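Protein chains: 2
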Amino acid sequence: MPSITNGRVLFAAAPEGYPEPGKHIVYDTSKTLDLETVPLNGGILIKTLELSIDPYMRGQMREAHIPSYMPAFPMGEPIYSLGIGVVLRSEHSDIKAGDHVTGLIPHQQYSVLKVVPPLRKIENPHHLPWSFALGVLGMPGQTAFMGWNEYSRAKKGETVFVSAGAGAVGSLVIQLAKMDGCKVIGSAGSEEKVRFMKECGADIAFNYKTTNTLEVLKKEGPIDIYWDNVGGETFDAALDAAASNARFIVCGTISTYNDPKGTPIYNMPKVFEKCLSINGFLYQPLEPKWRQQFAATIPPLVAAGKIKHKEDVYEGLDKVGGVILALQKGANKGKAMVHVADEV
Amino acid sequence: MPSITNGRVLFAAAPEGYPEPGKHIVYDTSKTLDLETVPLNGGILIKTLELSIDPYMRGQMREAHIPSYMPAFPMGEPIYSLGIGVVLRSEHSDIKAGDHVTGLIPHQQYSVLKVVPPLRKIENPHHLPWSFALGVLGMPGQTAFMGWNEYSRAKKGETVFVSAGAGAVGSLVIQLAKMDGCKVIGSAGSEEKVRFMKECGADIAFNYKTTNTLEVLKKEGPIDIYWDNVGGETFDAALDAAASNARFIVCGTISTYNDPKGTPIYNMPKVFEKCLSINGFLYQPLEPKWRQQFAATIPPLVAAGKIKHKEDVYEGLDKVGGVILALQKGANKGKAMVHVADEV
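These protein sequence lines map, in sequence, to chains P and W.
Going by the numbering used here, the first sequence opens with residue 18, and the numbers climb by one from there.
Going by the numbering used here, the second sequence opens with residue 18, and the numbers climb by one from there.
Mixed in with the good hints there might be a few duds.
Which copy? The list can't say, so a pair holds if one copy fits it or any two copies do.
30 Å max Cα-Cα, derived DSS-like pairs, lysine-lysine [as the list claims (entries may be wrong)]:
{"id": "1", "residue 1": "LYS215", "residue 2": "LYS236"}
{"id": "2", "residue 1": "LYS336", "residue 2": "LYS325"}
{"id": "3", "residue 1": "LYS226", "residue 2": "LYS278"}
{"id": "4", "residue 1": "LYS350", "residue 2": "LYS48"}
{"id": "5", "residue 1": "LYS236", "residue 2": "LYS64"}
No lab work stands behind these hints: they were computed from the structure.
All values derive from a computational prediction rather than experimental measurement.
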């Protein structure tokens, strides 16, 4: 079999503000690959099917010497993210051609990979679309489930505020809060997202671009739990509208990722005045503790159609740069992912 | 017996920035009192002996319509704070002349008080100076003990940073952290305070006015526990120098109390990047839980001379305004208090 083009998405330059497709993230078709002869060295050859595009990837687009919680993308090399691939060839004893794997997958059409964690074989017991494993059943869904159960200490009747409430994480948080009997306020940046938050059960859903967040929180609050996906001014408003002993769960601060100066918070004295607790968390360290309970709880509800979730799927690896930018600007309409190839 | 002058300290105006003696806090001698005939209405008449001056009192110097965790001082009336008085006359069944009481005491030489909590009779089983009940054995000492035990989750060998480490709270936190086998970094605003932090056992003690806080923390950290008494830039530096899973205990933010604009914090995204937990707390809600353990632990150590603490005592009720200002500016040299009168 002759060599075929292996399209790749390269990290070409570190952005200061928003990442621009073609400048910071570049699609490249200069490499080729022979699928039948490429050496596996004990690993596997996969065809990439689905790639997740997530807000935190912005943090990896930086110079390698700057420390952070995720490694910087290697300059000039393919970026990577959570994804799903189908195995074409394997030299690994537990994985055979036709199996599916998930983990951090390079943004290229075909990859030879070593099978080391977090890369692992993935099953699909409920026969759901593979893409669900990147959204409601994957990292975002698990993030919502784990953070809520670990930190919310939710009591029936409490008031919960969820920012980015139409996002992959936030929309499940809204549904978990409703299951726990809470009143839920959700904010997002478009009327379409507001509608989706209401479908998810939010009692109050508003567009922060046209409605003042603090005014809504003062009217509908005080808030007992704040699930923070955005940081910045919204976080400040939540501090102002917090009830005594409120719990803040900080899952991300997307409003700050593209602001090189940093976004100021002014209301931190409320933390002691109101005896607040604020917990930041990342997916990775919590995952082992909650894995079993998640698997027992959420996939059956999803299979039964009892959890609302939305995918925003773009076609083709060349779209990655544009999707990354759209997500940072809040232009996505559901869990953002790129469909790279069909299974056959 | 004729009427005698009853000197009082009045709240005369709400300051925007630093409170000025004579303008916002005014000493007044226009009232008189007859100690033998003033009606008690079932309460007690006390002579004020000692008054505690604390940083949080700044927050009570505000217009009454602004909500906060402590009530505003009533305009034109005497301010009040924690204090000790000796009972001159009593119509209360459990309290007799010669007993001592503690609680929120009006800033006047003599007061007729109802005996309702937090006012209560106080014993002195270790025969220590009464003033200790306002410092190391009182609210500041209990604040340090309760906050540390409730939130620090300290492990031997961890690195602890204490701001305002020479203060009434901070100096005990340093000693508790050392008892738990931690490495302790303390900051304060004078060379004399730096020396006192070293006497308390701080491994590293520095003057934040002459040494860059972030540089010290980066060199001696990362920090696992931050005890925050000051907020503002110091809090921001601590976020920057925090270890993963660090615990922040927010006891006060004195650097912000006199800044009407508010003090910006820029490093809040570190909260999720480093999985930090931040707990703010107030004395009152924690007190019932820890009262017994405090009484069993700290007074015996103080009586045995095993706890270092410092008082900064000013003579006379007319000094209150100046002491309040000095404390906000960090000019005190120990637990600030005003000695109003001797017992006899």
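We went through each hint and held it up to the structure:
{"no.": "1", "hint": "LYS215 <-> LYS236", "verdict": "within (18 Å within a copy, 50 Å between copies)"}
{"no.": "2", "hint": "LYS336 <-> LYS325", "verdict": "within (26 Å within a copy, 65 Å between copies)"}
{"no.": "3", "hint": "LYS226 <-> LYS278", "verdict": "both (22 Å within a copy, 25 Å between copies)"}
{"no.": "4", "hint": "LYS350 <-> LYS48", "verdict": "neither (33 Å within a copy, 70 Å between copies)"}
{"no.": "5", "hint": "LYS236 <-> LYS64", "verdict": "neither (52 Å within a copy, 47 Å between copies)"}
Hints 4, 5 from the list above are not met by this structure, while the remaining hints are.
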